[in-house]
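Chemist: Here the working numbering is used: the first residue of the sequence shown is 392, the next is one more, and so on.
Think of the hints as simulated: they come from the structure by calculation, not from any bench.
One or more of the hints may lead you astray.
Quick list of the computed label-pair ranges, beta carbon to beta carbon [said to hold, decoys possible]:
hint, residue 1, residue 2, range
1, Ile411, Arg492, 18 to 24 Å
2, Leu394, His459, 24 to 30 Å
3, Gly415, Thr393, 26 to 32 Å
4, His459, Asp502, 31 to 37 Å
5, Leu418, Ala514, 22 to 28 Å
6, Arg421, Gln515, 14 to 20 Å
7, Leu394, Ala475, 15 to 21 Å
8, Ala417, Gln515, 20 to 26 Å
9, Ala435, Gln515, 39 to 45 Å
10, Ala435, Ser473, 18 to 24 Å
All C-beta atoms in this analysis are idealised placements derived from N, C-alpha and C, irrespective of residue type, glycine included.
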Amino acid sequence: MTLRGVGVDVVDLLRFRSLIDRWGQALARRWFDTEELDQPGDRALNLARSFAVKEAVLKALRPSAVHHPRWREIVAVGDGTSMAVRLSGLVRREADAWGVRSICVTTAVRDQILIATAIAEVAQTSGTSPSSTGLS
Numbered sequence: 392m393t394l395r396g397v398g399v400d401v402v403d404l405l406r407f408r409s410l411i412d413r414w415g416q417a418l419a420r421r422w423f424d425t426e427e428l429d430q431p432g433d434r435a436l437n438l439a440r441s442f443a444v445k446e447a448v449l450k451a452l453r454p455s456a457v458h459h460p461r462w463r464e465i466v467a468v469g470d471g472t473s474m475a476v477r478l479s480g481l482v483r484r485e486a487d488a489w490g491v492r493s494i495c496v497t498t499a500v501r502d503q504i505l506i507a508t509a510i511a512e513v514a515q516t517s518g519t520s521p522s523s524t525g526l527s
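Turn these sequences into a full structure, and let the hints steer you where they fit.
Modeler: Have a look at this one:
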């Protein structure tokens, strides 16, 4: 295995909580899948964790075809110590075109700051870029 990329994102939890309070369901429907919205526990913390992981995953993938983030095409759920990421749509097709086989994510919280890290791994191949028949 080799790396496609590493992504890191930092979220200020106090600011994120205020965004959730202010924009509520409109923000939630735009950014999050129902699986992310239905996680048990502290809703704002869970959504901040999912958002930070989404950002970190996009940075790790460095997608060339995704100019406007498709937040709901990256689903990140878990309790922080055990996170799972599921890709769909254009983000998934781009990851497949690059040969991404796994994405490992971690999160940590300290003093109202949440940090997410994503590592995208690809299978070792002879090429270093997607095929010409990959994404349009």
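Chemist: Now tell me if each hint is right for this structure.
Modeler: Hint-by-hint comparison with the structure:
| no. | hint | in the structure |
| --- | --- | --- |
| 1 | Ile411 / Arg492: 18 to 24 Å | 34 Å, violated |
| 2 | Leu394 / His459: 24 to 30 Å | 25 Å, holds |
| 3 | Gly415 / Thr393: 26 to 32 Å | 42 Å, violated |
| 4 | His459 / Asp502: 31 to 37 Å | 32 Å, holds |
| 5 | Leu418 / Ala514: 22 to 28 Å | 37 Å, violated |
| 6 | Arg421 / Gln515: 14 to 20 Å | 37 Å, violated |
| 7 | Leu394 / Ala475: 15 to 21 Å | 20 Å, holds |
| 8 | Ala417 / Gln515: 20 to 26 Å | 44 Å, violated |
| 9 | Ala435 / Gln515: 39 to 45 Å | 41 Å, holds |
| 10 | Ala435 / Ser473: 18 to 24 Å | 20 Å, holds |
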